[in-house]
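J.: Residue-level listing of the chains:
2 protein chains.
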Amino acid sequence: MTFPMTPTITAFERSPDRGKGLARDMRVRWALEEAGQAYEVRLVSFSAMKEPAHRALHPFGQIPTYEEGDLVLFESGAIVFHVAQRHAGLLPGDANARARAITWMFAALNTVEPPILELQNARLLESDKPWSEQRLPLVEGRVRVRLGELSARLGRADWLDGGFSAGDLMMVAVLLRLKPSGMLDDYPNLFAYVARGEARPAYQRAFDAQRAVFTGKPPTGR
Amino acid sequence: MTFPMTPTITAFERSPDRGKGLARDMRVRWALEEAGQAYEVRLVSFSAMKEPAHRALHPFGQIPTYEEGDLVLFESGAIVFHVAQRHAGLLPGDANARARAITWMFAALNTVEPPILELQNARLLESDKPWSEQRLPLVEGRVRVRLGELSARLGRADWLDGGFSAGDLMMVAVLLRLKPSGMLDDYPNLFAYVARGEARPAYQRAFDAQRAVFTGKPPTGR
Numbered sequence: 001m002t003f004p005m006t007p008t009i010t011a012f013e014r015s016p017d018r019g020k021g022l023a024r025d026m027r028v029r030w031a032l033e034e035a036g037q038a039y040e041v042r043l044v045s046f047s048a049m050k051e052p053a054h055r056a057l058h059p060f061g062q063i064p065t066y067e068e069g070d071l072v073l074f075e076s077g078a079i080v081f082h083v084a085q086r087h088a089g090l091l092p093g094d095a096n097a098r099a100r101a102i103t104w105m106f107a108a109l110n111t112v113e114p115p116i117l118e119l120q121n122a123r124l125l126e127s128d129k130p131w132s133e134q135r136l137p138l139v140e141g142r143v144r145v146r147l148g149e150l151s152a153r154l155g156r157a158d159w160l161d162g163g164f165s166a167g168d169l170m171m172v173a174v175l176l177r178l179k180p181s182g183m184l185d186d187y188p189n190l191f192a193y194v195a196r197g198e199a200r201p202a203y204q205r206a207f208d209a210q211r212a213v214f215t216g217k218p219p220t221g222r
Numbered sequence: 001m002t003f004p005m006t007p008t009i010t011a012f013e014r015s016p017d018r019g020k021g022l023a024r025d026m027r028v029r030w031a032l033e034e035a036g037q038a039y040e041v042r043l044v045s046f047s048a049m050k051e052p053a054h055r056a057l058h059p060f061g062q063i064p065t066y067e068e069g070d071l072v073l074f075e076s077g078a079i080v081f082h083v084a085q086r087h088a089g090l091l092p093g094d095a096n097a098r099a100r101a102i103t104w105m106f107a108a109l110n111t112v113e114p115p116i117l118e119l120q121n122a123r124l125l126e127s128d129k130p131w132s133e134q135r136l137p138l139v140e141g142r143v144r145v146r147l148g149e150l151s152a153r154l155g156r157a158d159w160l161d162g163g164f165s166a167g168d169l170m171m172v173a174v175l176l177r178l179k180p181s182g183m184l185d186d187y188p189n190l191f192a193y194v195a196r197g198e199a200r201p202a203y204q205r206a207f208d209a210q211r212a213v214f215t216g217k218p219p220t221g222r
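Line by line, the protein sequences are chains E and B.
Counting from 1, position 62 in the first sequence corresponds to residue 62 in our numbering; the numbering is continuous, with no gaps.
Counting from 1, position 188 in the second sequence corresponds to residue 188 in our numbering; the numbering is continuous, with no gaps.
Just so you know, the hints here were simulated from the structure itself, not pulled from any lab data.
In this text, all values refer to a predicted model and were calculated from it rather than measured experimentally.
We treat Cβ as the ideally placed atom computed from N, Cα and C, and that holds for glycine.
Mixed in with the good hints there might be a few duds.
[Said to hold, decoys possible] Some chain B residues flagged as far from chain E (calculated, every beta-carbon gap over 10 Å):
{"no.": "1", "residue": "Met5"}
{"no.": "2", "residue": "Phe81"}
{"no.": "3", "residue": "His87"}
{"no.": "4", "residue": "Arg100"}
{"no.": "5", "residue": "Arg123"}
{"no.": "6", "residue": "Ala152"}
{"no.": "7", "residue": "Asp158"}
{"no.": "8", "residue": "Phe191"}
{"no.": "9", "residue": "Ala192"}
[Said to hold, decoys possible] Just some of the chain E residues that point at chain B, by a computed CB distance under 10 Å:
{"no.": "10", "residue": "Phe46"}
{"no.": "11", "residue": "Leu73"}
{"no.": "12", "residue": "Glu113"}
{"no.": "13", "residue": "Arg135"}
{"no.": "14", "residue": "Arg142"}
Can you make the complete structure from the sequences, with help from the hints?
T.: Encoded structure:
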């Protein structure tokens, strides 16, 4: 099933990572590609993101947003869930398996991502502070606790619970934020898990589409 | 509709807040009470939470968990969603309104809670560090940005999008973590919003049930 109206998402006009795929529109693009759903992209500048017109769509002045007819959504988790719920391939049909896949979405966003965001704040926003060097190992330690637990649970499996799901999509997207730090190298099964996500054709299409914003090719997914 | 089997959740044997209702089992209890769903509670000690038996239920060694027949869930967001999906009163019937309510659940957990968790880490885990006093205003500032934006969106409305939903339940539960800090006092509409949540009979029943763990009354919700 495809949506009756082609949805439009928003993305950074100039992503802080210059097309490395770490901005949150990537999660939504990836889900839409997995679902085979065409979409349009509207690019937003940093200043426009904080203006009333964009805040009407996204109260926190961020990207991505999602517009589909009368429906306006924000929060990458909510948008991925909305897409996953209405297309095959991202959530299992069995009710219990589906509830577990949704659990992994929430675990990615509310248990694994918060310490990663804290680390990112420490690195990007507090690098010039007098405490920066001394404090960093403490924050990294909080991330490592979560990585160790996730690594133990994943074990030798390909995905977190049976086949690939929106839970894996979200977890891989969150873990990707650590790639520049090299921290994933210490957890070979998580490293391979992330690589497995990145190797998916839908991921590749989404990655190319967001990267095209920087190379001048059209920013739509297909 | 009630579940064929009474679900069992886990909660702290000794909550760090001594029954103030800030632990994450409170969110689940509240949702179950809103849904009119009876539940059992199993109390878990801090040491037992990190043992393999509990980690089999919750890979990150935390509470709450949720067991219902063969189904095992963790993550308060996922459990609240599971409950909300299967009972009236927590998610609107209209598909678009429902997607928006779910958006607020994710916004509470992935946009509003992370800076609050960072503040909590700064206060509880780094209070003895040499940078503590100097750094705290910076972290509080990050929380204030989100509170300001949320306050602007809520405006004079009672709830975030139409009637009370699981999105409000989660947002109120997240904001409650700030109550001891007094920071909510600067945002009168958010303060009133949180008070409106706390005044709900279901919240009160859930609060009394978690508090009963400390006063010796039986820990089940009803």
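J.: Each hint needs a verdict: does it hold in this structure or not?
T.: Here's how the hints hold up against the structure:
1. Met5: Met5/B clear of chain E: closest Cβ-Cβ about 12 Å, beyond 10 Å.
2. Phe81: With a cut-off of 10 Å, Phe81/B comes too close to chain E, as the shortest Cβ separation is near 6 Å.
3. His87: Fine: 14 Å to the nearest Cβ keeps His87/B off the interface.
4. Arg100: violated (7 Å)
5. Arg123: Nearest chain E Cβ is 14 Å from Arg123/B, so the label holds.
6. Ala152: violated (7 Å)
7. Asp158: holds (17 Å)
8. Phe191: At about 18 Å from chain E, Phe191/B clears the 10 Å cut-off, so the statement holds.
9. Ala192: It holds; Ala192/B is separated from chain E by about 18 Å at its closest Cβ, greater than 10 Å.
10. Phe46: Status violated, d = 15 Å.
11. Leu73: Where the cut-off is 10 Å and the nearest Cβ of chain B is about 5 Å from Leu73/E, the hint holds.
12. Glu113: Constraint on Glu113/E satisfied, holds at 7 Å.
13. Arg135: At 6 Å from the nearest chain B Cβ, Arg135/E passes the 10 Å test, so the hint holds.
14. Arg142: holds (7 Å)
In terms of the numbered hints stated before, the structure departs from hints 2, 4, 6, 10, listed from lowest to highest.
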